[in-house]
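Chemist: Sequence:
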Amino acid sequence: MSKSKNSPTATTASSGRLSASDDALSDMRKLIPALLRAREQIMQHVRPVLWEYELTEQQWRILRALVDGGTCDMGELGRRSQIVPPSLSRTIPNMERRGLVARVPSGSSPHRILVSVTSAGLELFNQAKTKSDEALTKLMDDMDTSLVKKAGIAIAELLADIARANDDLGPAVGNDHVVPPRATSP
Numbered sequence: 000m001s002k003s004k005n006s007p008t009a010t011t012a013s014s015g016r017l018s019a020s021d022d023a024l025s026d027m028r029k030l031i032p033a034l035l036r037a038r039e040q041i042m043q044h045v046r047p048v049l050w051e052y053e054l055t056e057q058q059w060r061i062l063r064a065l066v067d068g069g070t071c072d073m074g075e076l077g078r079r080s081q082i083v084p085p086s087l088s089r090t091i092p093n094m095e096r097r098g099l100v101a102r103v104p105s106g107s108s109p110h111r112i113l114v115s116v117t118s119a120g121l122e123l124f125n126q127a128k129t130k131s132d133e134a135l136t137k138l139m140d141d142m143d144t145s146l147v148k149k150a151g152i153a154i155a156e157l158l159a160d161i162a163r164a165n166d167d168l169g170p171a172v173g174n175d176h177v178v179p180p181r182a183t184s185p
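If you're matching positions, the sequence shown starts at 0 in numbering that gives the first Met the number 0 and goes up one per residue.
Bear in mind the hints are in silico, worked out from the structure with no lab data behind them. Check the hints yourself; a few may be wrong.
[Said to hold, decoys possible] Straight-line Cα separation of at most 35 angstroms, DSBU-like style, residue types lysine-lysine; simulated pairs:
1. K149 with K137
2. K149 with K130
3. K148 with K29
4. K130 with K148
5. K149 with K128
6. K148 with K128
7. K29 with K149
8. K29 with K130
From a predicted model like this one, the values you see are computed outputs, not experimental measurements.
All chains should be built: construct the whole structure from the sequences, respecting the hints.
Modeler: Following this line, the structure appears as C-alpha cells:
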C-alpha cells in the first residue's frame, strides 16, 4: 500500500527526506509525552485513593475491566486493561489470593482460563471508585470541563484512526500487545 503525499512517512523524490508532513511527525512525537504527562497529572489525584485500598494501578485497571466488561479470558483481559501478558500473569494470582478475582477453566477448553471479579472485588472496586470519582470531581472543579470533553472526543478519533492505519499495515501491527520475536541461536 503506497502512502499519500500527506502521509507523515511520505518522502520527496529528490531529497529522500520527509515531505511537508514533517509537522505532522513532529506533532506525533510531541503527542506521546504529552499524553503520558496528562495521564500522570490525573493519576496524582487517583493514586492516593488506590493506596488507601491497597490497590496498584494495574489491579485497579483489571478490576475496572472486569466490572465494566464482565468475565473474560486472560488475552481479552490484557487488551481491556492494557496490561501485557507477563504482567497480567504476575498480578492475577495476587488478586486471587486477596479474594478480588477468581480464575476458572472455560467450559469450551480446559486450557482457556476465565477471570471474573468476586463479590469482594466488586465491593472494593465500588468503594474505591466512589472516592476516585470524588478526587477527579475535585480536580475538575478547577478545570475547563469543555476541554476534557473535547480531548476525549479527539483521543477517541485518534485511536480510531490509529486502528484503521494499523489494519492497513496488516495483522502483526494491529495487535494490542506485540511481543518481539525471540532471538534464535545461530
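Chemist: Take the hints in turn and mark each one as holding or not.
Modeler: Cross-check of the supplied hints:
The straight-line distance between the Cα atoms of K149 and K137 is roughly 19 angstroms, inside the 35 angstroms bound, and the hint therefore holds. Among the hinted pairs, K149 with K130 is consistent with the structure: their alpha-carbon atoms are about 25 angstroms apart, no more than 35 angstroms. Taken as a hint, the K148 and K29 pair is honoured in the structure, with Cα atoms around 21 angstroms apart against an allowance of 35 angstroms. At roughly 22 angstroms between alpha-carbon atoms, K130 and K148 fall within 35 angstroms of each other, so this suggested pair holds.
At most 35 angstroms may separate the alpha-carbon atoms for a hinted pair to count; K149 and K128 meet this at roughly 24 angstroms. Distance check on the hinted pair: K148 and K128 sit about 20 angstroms apart at the alpha-carbon level, within 35 angstroms; holds. In summary, the hint linking K29 to K149 is supported, as the alpha carbons are separated by about 18 angstroms, within the 35 angstroms threshold. Of the supplied pair hints, the one linking K29 and K130 holds, its CA atoms being roughly 32 angstroms apart against a limit of 35 angstroms.
Of the numbered hints given earlier, the model fails none.
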